[in-house]
Each structure stands twice: as structure tokens, then as C-alpha cells.
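All letters in the sequence shown, in the order written, are residues 306 to 833 by our numbering.
Simulated from the structure, these hints should not be mistaken for lab results.
Careful, some of the hints might be misleading.
[As the list claims (entries may be wrong)] Label-pair restraints from in silico Cβ distances: (1) Ala458 / Arg324: 21 to 27 Å; (2) Ala327 / Pro642: 54 to 60 Å; (3) Met444 / Gly357: 35 to 41 Å; (4) Met444 / Ala327: 48 to 54 Å; (5) Thr521 / Ala737: 47 to 53 Å; (6) Arg453 / Glu614: 41 to 47 Å; (7) Pro768 / Glu466: 31 to 37 Å; (8) Gly557 / Arg408: 31 to 37 Å.
Just so it is clear, CB atoms sit at the ideal spot from N, CA and C, and this is done for glycine as well.
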Amino acid sequence: MSTATALPGSSLDAARRTRELAEAADGRVADVLVVGLGATGAGAALDAAARGLDVVAVDAHDLAFGTSRWSSKLIHGGLRYLASAQFDVAHESAVERGVLMTRTAPHLVAAQPFVLPLTPLVSRAQASLAWAGFRAGDMLRLAARTPRRALPAPRRLSAAEARHLAPAVRPDGLRGGLLSWDGKVIDDARLVTALARTAAAHGARVLTRVRVLGLTGTGARVRDELTGEEGEIRARAVVNAAGVWAGDLADGIRIRPSRGTHLVLRSERLGVLPAGLHIPVPGETNRFVLVLPQGDGRVYVGLTDEPVEGPVPDVPEVPESDVGFLLDVLGSVLDAPVHRDEVVGAFAGLRPLLDTTGDAGPERTADISRRHAVLTSPDGVTTVVGGKLTTYRRMAEDAVDAATRARGLPARPSPTAALPLTGAAAPTRLRALAAPRRLVRRYGTEAPAVHALAERDPDLARPVVPGHPVTRAELVWAARHEGALDAADLLDRRTRIGLVPEDRAAALAVARDLLARTAEEVRSANRC
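Based on the provided sequences and hints, a complete structural model is requested.
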């Protein structure tokens, strides 16, 4: 067996889950119970544990099962909020972007260039407005004290430069472009995994497949979804970070979900893309469709902002109207339009926006503020909703502050703005690691350990599916150290193979086989 290891205390696996679930439900009282293990919930678990509190964090499904795996993978600097005069939200976003890029997760979050092609559909007035916005965004970077080396300055492009960075754009009438920069996370679900594992390294009990059946200010009645057994987890303070499901767990919480849809294309369809694209939505002054190269043979095209009515599904479906809208906007700038049969996958996430308008709310969820809210119910449950991926850390800090204050629980100030996540290190150290660059961008300082699995076993060096870079060693690592319990965890969240149904089907047998092999290796090691 490989001697590759994870950071001490950060490994999540099936055996640890079983042991810590029994501990959590044995009658002892934890300091904080967190419900929901998306970015905000995992962030709250880390925040509380890093303050020295005894923490239990549960989710009915898996890490990043909900909205936190369906984002654009962007760590926004808050530019769009300037246009609607939400200056506090814009500044908070820029600050949190800088924290991720320079302190807590520089291995996962880096600068992403974008080109706004100045086609005949973009008037000179629109171009001037966009340029003013990009300059204002750079001022946000300065105000947030994010160094220039992390985020380069925006600049104007000639037509030739724009074509070089965006070769798929139609050349007819192209008069140049605008280059801007923002933050991009290599994978939103990997960020959540890093948060959960860092929380675990600080002593938090991170428990997936544990469904809350009833929630109060002193704990929860829960069911182990793997065994069906029910029990109770007691806590002095409770944080409800269940996202779009938060209203199901606490009274008085009205969520107005907004659907954000993305399409998945094969990279060869658009050719080499050194930069992403901002494509203005016709008739809108502050909305763009984004083309986001992923570096894994895929490109995402998104996103929509549509209200969702009725019960909230576990996995949102993508309506054909969203697909058509995105293809139409994309086709407005491409030399060769993308056809429906060239879309190899699609995904949609639901933003958990707080509805403060009553029954006469706005028709468009795009008009609802992205400010987050922390609300404490009369029985002491603290709920955090709204916000966005970029500001998860501040949301988590505010939620833990409110929960501990409401319950009279002593807690020292949050240290998370300077607390590196699992795998994080300075860029100079990351560049010196003896591992493939792709692994370093996904695993940081743990990349050599992941790579060692493949070096010791040539079978694990093979890709899971042809044409996709994820290796079998990464699936084994996920099962041993990242809390993956089944094939869906491996394919849909620890890696993103499952975003393309054809690739998922091809990978399923491999994932199941590696899970079985890993489980047997663990049993053999325990017998020894």
C-alpha cells in the first residue's frame, strides 16, 4: 500500500464518520451544531472549531451537495453590485476575494482573465460603460488591498489581441475588446471539501448522510441515512446553514430561490481559449453570459437568473428555455454558433436568496439583493441565508458570532481570515512541489501525496475516462481522505466527471471498483 498521507487530523472517511456520529449522538452536549455542509455551513464549522469550540456539522447528503457545487466557479470582486449602489456588498466581496487568493486558498483560487469582445452588437456607449465598470472594479481591488500581482489591471485590446485571446469570436466588425480580471476557484466543491477537512483538523465532527428531522435551539433529532437509525444531537448553539432548504428547518424564513444554469461544452468546440468571455445580454446593462474554460477539456457557458416556484428539488433540472437562451447569447459573438446537440452537459444551481418583500415581491430574482442575512428565531436557532460563494467566510463568521451571542456562549474572535485551508501554501512553495501542475492546482501541498499513489500503482495513474484528466488515484484519495462514501460522491463532487452524463456512465464501474478495493484495503490494514 502507498505511504501517501494527508495532513494530520484532516482525513475524512467512512470509519471516522461512523465513530464520530456515535460520539455526537451519545448524549453529550456540543458547543455548536451546524446544519448544512455547503460552503457556508462548512465555513461555519471551521469558524467555530477554529475558535476552540466543540463542533458537530451534519448534512443530509454530502459535502457541497447543494448550491455550492453549481456555481460559475468565480470568486467575484463585487463589480455588478456597484451598478446597483450596493457598495457594502461590493467591498465585502472584493475583500473576501483577496483573502482567498492571497491567504487562505491560493492553491484553489487564482486570477482569471476575461475578454469582452467589442462586436457590432456592443455600442460605443455600452463599451464606455463597461470600461468604466472594469476601472471601478480595479479600484475595488485597491480598496480591498489585494496586490496587483494577484489581479492584473484591466486594459483595452486591439482587434488582433482580442482575436488571440478569444479566437472563436466572429472577426467581422470586431473593433477590439476589453480585458478584465476576476478570481476563479478551480472547483467550488473542492473548496467546500477543503473547508470541511480543515474544520475536521481543528476537531469538528463532520458528518454526511445525517438528516435533520427536527431542529431546535438546543439540538436536533437526526437520522443516519446509511442505517436508518435515529438519534439526537444536543448543542448549546445551533446554526442553520441549509441554503435553499433553510426555511424547512426554521420558522419565519422565506427563501426565494433563483436558478442559475450553465451549459457544458467540449473544449475543442471553441478551440484554445486563453481567456474567458464576457458576452453582454441584449437589452441588459449589467448582465453578461460568461464563457469559462476549465482546463479539463470542458468549457462552461452561463448563467441565468430565473425565479423558481414550488418545492425545492434535491438536484434542479435544466429547462430547455435556459439552454436556448444561453446558446442564443453565445451565438451572437461566435464565428460558428454552437448547436444543441453539441451541448454535452448542463447543470443548474438555486441561489438561496432571502425574500423580504412578502407576497408582492419583484418579478425578477436578479433584482433581489445578494446581501446575506443572519436571523435568530425565538427558540434560538440561528439561520444564515443569502450571500454568495465569494463571501462564505464572512457569512460563516457572522453566523457563529450571532449563534454564540444568542446562547451566551463564550467565543474568541474568528481567526479564519488568516487561516490557510488544507493544501494552502505560498505560491513559491506550491511551484516547488514535485507533482504535476494540475494536481497542485487541485490539492495544493497534498499533490505529491496524491501523485505518489499513481507512482506506486500504475493502474491508479490511468485516467478514469478517456479524454478527462482525472486519474484513478484521485478517486482513491477521495475515498481515503475526503469523505467520499459512494460513486456519486466521487464522480459528482470530489471530481466533476459527472457533469457530462456520457462520461459519468463510462466512469461508474471504475468508481465502484475503486471504492470496493479501498474499503478492503482499510479492512486488511485494521486486521493487521
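Here is how each hint holds up against the structure:
1. Ala458 / Arg324: 21 to 27 Å: Given range 21 to 27 Å: violated, Cβ gap about 51 Å.
2. Ala327 / Pro642: 54 to 60 Å: Holds - the Cβ-Cβ distance for Ala327 and Pro642, about 57 Å, lies within 54 to 60 Å.
3. Met444 / Gly357: 35 to 41 Å: About 38 Å separates the Cβ atoms of Met444 and Gly357, which means 35 to 41 Å holds.
4. Met444 / Ala327: 48 to 54 Å: Distance hint for Met444, Ala327 holds at roughly 53 Å.
5. Thr521 / Ala737: 47 to 53 Å: holds (50 Å)
6. Arg453 / Glu614: 41 to 47 Å: Given a distance of about 45 Å, which is inside 41 to 47 Å, the answer is holds.
7. Pro768 / Glu466: 31 to 37 Å: Holds - the Cβ-Cβ distance for Pro768 and Glu466, about 35 Å, lies within 31 to 37 Å.
8. Gly557 / Arg408: 31 to 37 Å: Between Gly557 and Arg408, where Cβ atoms are some 36 Å apart, the hint holds.
Violated hint for the displayed structure: number 1, the only one.
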